[in-house]
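*Asks:* Here's the letter readout for the chains.
2 protein chains.
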Amino acid sequence: MKFCSHCATEVEFRIPAGDNRQRYVCPSCDTIFYQNPRIVAGTLPFYYHDGEPQILLCKRAIEPRKGFWTLPAGFMENGETTEQAAERETREEALADVTVQSLFTMVSVPHIDQVHMFFLARMEKHQFGAGEETAEAKLFREQDIPWKEIAFPTVARTLKRFFEYKNDSAALARCHSSAILPSEALRKLEAEERERQKREAQKSTNGQTS
Amino acid sequence: MKFCSHCATEVEFRIPAGDNRQRYVCPSCDTIFYQNPRIVAGTLPFYYHDGEPQILLCKRAIEPRKGFWTLPAGFMENGETTEQAAERETREEALADVTVQSLFTMVSVPHIDQVHMFFLARMEKHQFGAGEETAEAKLFREQDIPWKEIAFPTVARTLKRFFEYKNDSAALARCHSSAILPSEALRKLEAEERERQKREAQKSTNGQTS
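Chains as they are written, first to last, in this note's numbering: chain H, 1 to 210; chain P, 1 to 210.
Don't take each hint at face value.
What the hints assert, rightly or not - Quick look at which bits of chain H chain P covers, simulated, 3 or more residues with Cβ under 8 Å: (1) 4-15; (2) 31-37; (3) 75-87; (4) 104-111; (5) 151-163.
As the list claims (entries may be wrong) - Keeping only pairs whose Cα atoms sit at most 30 Å apart, straight-line, the calculated DSBU-like set for lysine-lysine is: (6) 2/H <-> 166/P; (7) 166/H <-> 125/H; (8) 59/H <-> 2/H; (9) 160/H <-> 125/H; (10) 166/H <-> 138/P; (11) 148/H <-> 203/H.
Hints were generated in silico from the structure; no laboratory data involved.
Ideal Cβ positions, reconstructed from N, Cα and C, are used throughout, including at glycine.
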């Protein structure tokens, strides 16, 4: 942020009177520009088949994390409720009409100023498809979840919690709130990089011996 | 929003390519300015006395709703978790150090683009006071809650839910998600206005007969 969006004056970055944090402030019209975390709302859509829940995942057709699997979710918009946002994203990304049940996970991701929330959403009909931002939508049994190809840590955590509690209706009805800390995100990136290097090394070894 | 905050060009309000909502867009540097709901995070601090929970409320020293009672809460800041935000607001407004437990209510308020969330927070010590934005902090038994002087509908709803479920530990452990719709907010304002007029009429009647 360089200029005031009301009067185009160059803004200052300082602690306003009566505040204790640095903000962008316009020295001309005195507007203070607060910046706050954004909500990413989504669902964990599940469909019962042979008494076992299957989870609807979407393969991302766009960056970030193109080609990886995610639960349908996206930025909550002004003028809607958290439930409406979660249902809209499920309709847009997975072409599935769901009615959300309870809030299941809420994960703060402070280093990117986001709060991710996932609602349980039982699918009554076997009806879904790939929306514009989705390459493929597919139901997965627990044993088929592509754990190494999950797009975001908040999604992996939500899926893990679901299978951990799948036979505990009281735990499923609770909201599990937690945070992904920068150190954790970093460790995950490092582990992925090591994994990638190992695969590369493997490939070149295979190349040499074939 | 009139000007681009990156390059000071006058912005346009239109649907960007690949989107389905109107946004502020800079025709010069192509920045799209998304606007999203903000989170208000707070606690429901309760202190057990003689086996009964008492609730810590703060009388607001500032507008909006100056002079009305509220639970400690405020806008979540970038770089913190929802729990950290709720604990910080409780420290700042009620000078109380609490460790939050579970998320108890989440209330979407779409007509003002906010999501309010309140965490249960048991107070281990009888220690609190009035922070800078608070005129008075006080513990209330259920029968003493000043229902007609509660600052915000999301706070009233959270308090009601708490007393409704105070003997039901499973219900207390769940997150109760709901919304305050514009029509509801309007009805509340109208009811308050009728109440005010009734009091005014009463006052003038008393004035005439005394």
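*Asks:* Each hint should be assessed against the structure and marked as holding or not.
*Replies:* These are the hints, each one checked on the structure:
Requiring three or more residues with a Cβ within less than 8 Å of a Cβ of chain P, the coverage given for the segment 4-15 of chain H holds, as 6 such residues are present. A stretch counts as covered by a chain when three or more of its residues have a beta carbon under 8 Å from one of that chain; for the segment 31-37 of chain H and chain P the count is 5, and the coverage holds. Counting residues of the segment 75-87 of chain H whose CB falls under 8 Å from any CB of chain P gives 10; the rule of at least 3 is met. Residues of the segment 104-111 of chain H with a Cβ under 8 Å from some Cβ of chain P number 4, which satisfies the need for three, so the listed coverage holds.
Taking a C-beta to C-beta cut-off of 8 Å, the segment 151-163 of chain H contributes 0 residues in contact with chain P, too few for the three needed, and the coverage statement is violated. Between residue 2/H and residue 166/P the alpha-carbon distance is near 50 Å, which puts this suggested pair outside the 30 Å criterion. Restraint check for residue 166/H and residue 125/H: satisfied, since their Cα atoms lie roughly 20 Å apart, inside the 30 Å limit. A distance of roughly 37 Å separates the Cα atoms of residue 59/H and residue 2/H; the hinted pair therefore is violated under the 30 Å criterion.
Distance check on the hinted pair: residue 160/H and residue 125/H sit about 24 Å apart at the alpha-carbon level, within 30 Å; holds. Between residue 166/H and residue 138/P the alpha-carbon distance is near 42 Å, which puts this suggested pair outside the 30 Å criterion. Restraint check: the Cα-Cα separation between residue 148/H and residue 203/H comes to about 18 Å, which is no more than 30 Å; the hinted pair holds.
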